[in-house]
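Put the two chains together into one complex, using the hints given.
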Amino acid sequence: MALTGMDIFKQLPKTNCGECGIPTCLAFAMKLAAGGASLEACPHVSEEAKAKLSEASAPPMRGVTIGEGDYTLKIGEELVVYRHEKTFFNPPGYALLVEDNEDSAAIDAKLALLKETSYERVGQILRADLVAVKNTSGDVNTFADVVKKVTGAIEYPLILMAEAPAIEAAVEAASLAKPLLYAATAANIDAMAGLAKKYSAPLAVKPTSLEELAELTDKLDGMGVKDLVIDMGTRTLKETFQNLVFTRRLALKKKQRPFGYPTITFPAEETDDDMMEAVHAAVYAIKYGGIIVLRDLSPEKAYALFVLRQNIYTDPQRPMQVEQGFYPINNPNEDSPVLVTTNFSLTYFIVSSEIEGSKMPAWLGIVDVDGLSTLTAWAAGKFVPERIAAFIGKSDILDKVKHKTLVIPGYVAQISGELEEELQGWKVVVGPREAADIPAFLKSFQPVMA
Amino acid sequence: MAFQAPLESYSGKIREITLGSDTQVAVGGENTLPFYTFEGNIPNRPRIAMEVYDTEPVGWAGELKSAIGDVWGDPVAWAKKCESEYGADIVCLQLASTDPNGANRSVDEAVATVKAVLEAVSIPVMVYGSGNADKDGEILKAVAEVAQGKNVVIGPAVEDNYKSVAAAAMGFGAKVAGETPIDVNMAKQLNILMSNLGVAVDSLLIDPSTGALGYGLEYCFSVNERIKLAALTQNDNMLQSPTVSNLGREVWKAKEAKISQEDAPQWGDEKKRGIIWETLTAIAVMMAGADILIMRHPESVKLIKKTIAEFGV
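As you go down the protein sequences, you meet chains A and B in turn. The numbers in the first sequence follow the numbering used here, run straight up by one, and end at 450. The numbers in the second sequence follow the numbering used here, run straight up by one, and end at 313.
Hint data in this document are derived by calculation from the structure and do not stem from the laboratory. Quick reminder that beta carbons are idealized off the backbone N, C-alpha and C, glycines included. Among these hints, one or two may not hold up.
[As the list claims (entries may be wrong)] Some, not all, of what chain B presents toward chain A, calculated at C-beta under 8 angstroms:
id : residue
1  : 10
2  : 58
3  : 216
4  : 276
5  : 284
6  : 310
Next comes chain B alone, as it looks inside the complex (with noise of 0.2 angstroms):
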């Protein structure tokens, strides 16, 4: 009997969405699961977000401080080092100063930042909010104004403030995130509130949060395979936004990868840990099919690029 391949062939696509405006960068328009390269087309790799904090980083781990701690306090070096340096495809201000219940940086403080960042690099930007639903609404409707022209990502929409940050996306042309706690019927339901407002299907992506390795990845695995499944083999439209994985944020909380070896000594090595927990962490949310995966750590991402590599995508 001579050996048939067991094909499988798929009704839907992921959208295609391009992003920024200087150097542009596509993100989905697949139409297979990820690295399904034997039977299907995957246009665009899973694109890398890196992390640019918009103030010092406090109590992150050694690793990071050796490895990007040159930079972190000055976002506009930092972003330009993921631009040049690190290979990032698209830079994700994450403005976590904002928050109220932190250094509660003003509107008018974040928007210098982003205002800086939009100069200093030629790749796309996303920007992100420090997650605080109110105060996102506020301050990512003046973001949205001053990036307007740049295509730029806006998020987290969340259930409490998607009407404000859609209507800025819509007034100034910003694509958005939306963003929903590990649930597809969430994720679908996010998007047509959006959709229904008036924000373009292609004008969407999905965020349907991380757990990192250890911390409920399981969870954010089968959400993100659950959603692709749907897209790709039901047509599910509102289920076709490439997804975006926020995931340099849970995995650096981790012990597993901050904790000194001195306190673990059974966990070996520390200077690779904490690569290789956000390099796994990243591989399954990748393997789940993640579009754009935002990430931290420079080696994390030299590693995922060179899987992606491997894999011929």
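One chain only, chain A, in its complex shape (with noise of 0.2 angstroms):
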């Protein structure tokens, strides 16, 4: 059952000596009791003390591990059920599905193509995070093989989909690190056991039913395997999601060790469409997916399922932001237009589409206000006269325009003369307060020229 703060801060050392991150044992304590920190963290707790407190403070799910270097993927450890109480904190991980019976070339050309698919969205890096190699082949070596050539031809950590025997032979022949090992069933789970307590590999759980899988993590869990990954079993949208709503609210809300552990689904096996494919990894990338197996990862559905979790992961807390500078929009020239906004990234991402969708060229300069959008920046004193004739004292736009007319949004008109007075030589002209009217006001507008 879970602690309370006060029954955990009792077994702790309470010598606030602040080593764990947190100033106090107390604070240090709720922190624990609420799921938000690990007991590990306490350098000095007794052995007594930390056998008597591990199950209460383990977080209500594990976070797992897979890979190792620089493209580990952590999944687990969410806290909430609905992203706007407090945030998801672990994106889920998209793996590209290869068969080991699939034609080499075909292998080489998918693998050449999701390394390429990558991209850089509001300062962050989105791309698939891992390649799961099924031994449809039946055959070890050919599987070993195929996973051999794979770790050749991307450093993305694999999903090893294969019986134990496969997956030794592949483990040792390509020496992975932390490979997630799927699957055990009844039928295998000693040796899967085995296998992961080998290496110190994360392990997938494959059950035929709920009830199953809390028998298969309980039993698993007393062997000392504690990095798993739950398939529910299931290959219907309808089922997996409903089993994805179950096992969330079942680790979170109801504290049920068994099922306090990050998920796999498989949209890849649950269709043959390719576009319906994607609908449902989608579905699994909003509600309660750790890990995406799909067959499919075209750029233009990986771009969209990347997009939607980097939506679906922001913290509501912290608005996503842009950063400062001039972005040309365009092709702009010495003669464009420049514009300034904030750098809240939703208040950059609907001006700069905006003056693309004008196809006037542009400077686009985005301050940085600590994400806030222009209105809201202005209020809290951030989007304000000194602020933005620093930002423009510091660029080097007046390198790449030859006049020195600033345009700023409608809403903050009133620092317009204030904001002249900074920028010494500028006209300050005030645009459109609404983003959808810049296109109009862009085909009317000419900067004054020196």
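As structure tokens, this is what we get:
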């Protein structure tokens, strides 16, 4: 049963040493009770207390890492059912499915494309996370060969979908670090648990029902295999969705340890239609998928799925921010208009997309105001003349244009006079209030040439 | 230990509202979260309202042109196709050309288009103004009058024009969609204001505004979800109206949906890209609780209908 912060506090050394990163033992205890910290952060807790607390202080959903190095994926450790309650923490991993009986050249092409399918958006790299290799051929050596080939082509961690002998051969042949072993069932649980221990690798569990799931994870936990990922065993949208909701609730609301693990879902095995596959993946990215395995991650689907995941896993309390600076849109030149707005990502996206849509070249200046929208940033004293003038002064915009005309958002019209005083020699023009009116504005607007 | 499904129950329910006259369509009525059929009833699946524009679109994605270009510019033909070919539940006539900052078409012209579309289809019709609050106040009044007896939805009623739009809806028996900018309290407030004017609560729909995938979808998702949770778990009467998401318009503005493959080879197949952008936006708002999805591309509509069917709703 879950302990209260006070129960935990009694077991701590009460030194307030702060080495856990939290100033007092009481505050640390409260954080542990809420599932927001790990007992391992305390270097002074006694072994006896550790044993007493480990069960209760573990986060309600275990965090699991797959792979090692730069491309490690961490999933799990979610604390809420709805993102607005706090935030979703560890974005699900998208995995591309490769079967070991596929044509060799086709596998090469798929992996080359996957590697290229990487984008930057709002300062984050958006890409797939894993490759799932499936032993469809049933042959141990073929599987090991394909796994080796995959690791040679791409550095993403792997999911090895096979029985124990093939998995062992592949891990040895490719010297893999912490691949996800897929999957322990009632029939092979001992062999799979043995491999998971031997290679310190995370292990997926595939039951035939949620009841059996609890039996399997309990047994594995007892065997000391704790880094688990759960497959619901279902392969329809309706059933998988229901089980994702159930396991999330059981883990977080009912604090049932056997369900307290991240999940793995298989749109790849639920439909043959590439568009519906992306739809299933989207549903699981929104609600409670930990790993999402797809057959087709072509760029048009991948990019949309990556952006969806980024949107859903944005911290609702911390707006996404765009880097400060000048952004050229539609190949501007020295005569093109100069506009400024704030670094709230939504403001940036809407303003830049309206400028793009207008087909009129422009320089868009993004001022760092801690990610607030224009009016909010102005009200908070951040989107103000001194700050905008400092931004312009530090930038190299005058190397790019030969005029000194600056367009500001209509919502902050009131700062235009003061901004002109701060920006000696510049003319400040008040632009539209709404981004949608920018195209019409740009069509008739000309900077005043020096 | 026997496995016990962790079911939850809800104290509230979304109001069920019937739209249209010839072929009627009910929206709302659910007493659980979207697709949580394991613990509640969803008598009406999310409905798809397909967009019809009152004038020939300019600057739309090439993929839209190849899909619906044969009918655009002819709202009657377009609306008929939505009903007979694309499987729309509702037609959403967007009176974009009435915008004073655009073509600035007159009230009379708008009324003529509405009349023609109403005569052409038997499924329910929603009529959305251009978004210019003053002009919409005028236009929607005339629209409600000409559509009397057809049980249409007019919108969007906004802070600056809700009095005239609500009066028109009351006077001529239309439903009204109130639009507020991505905020639960403002959505509730507008509903309160309109019901205080005398609009029956079962004539009110909530349009909490939509941000497309990559363009504020996260805000729109959580606002929709919070509205549904307040309606269902806190039994908040003023948030129990069915919700509308005007997403087609937002999605197809995004460059990811419309840029050519030549200009953005890294984003892959141009034909599928816009469709997937619209489909995933629709999936997100639907999973967050939207009861009516206003959509544009027939293929996106097909995918959403297939998804709803797979959920067994």
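To see whether the hints hold, each was checked on the structure:
1. Look at residue 10 of chain B: its Cβ only gets to about 14 angstroms from chain A, farther than 8 angstroms, so that hint breaks.
2. This hint is violated: residue 58 of chain B has a C-beta 11 angstroms from the nearest C-beta of chain A, more than the 8 angstroms allowed.
3. Contact between residue 216 of chain B and chain A, as hinted, is supported at the beta carbon level, the nearest pair being about 5 angstroms apart and thus within 8 angstroms.
4. At its closest, the beta carbon of residue 276 of chain B sits 5 angstroms from a beta carbon of chain A; the interface hint therefore holds under the 8 angstroms criterion.
5. Because the beta carbon of residue 284 of chain B sits about 6 angstroms from the nearest beta carbon in chain A, less than 8 angstroms, this interface hint is met.
6. Interface hint at residue 310 of chain B: satisfied, since its Cβ lies 4 angstroms from the closest Cβ of chain A, which is below the 8 angstroms cut-off.
The structure is inconsistent with the numbered hints 1, 2, although it conforms to all the rest.
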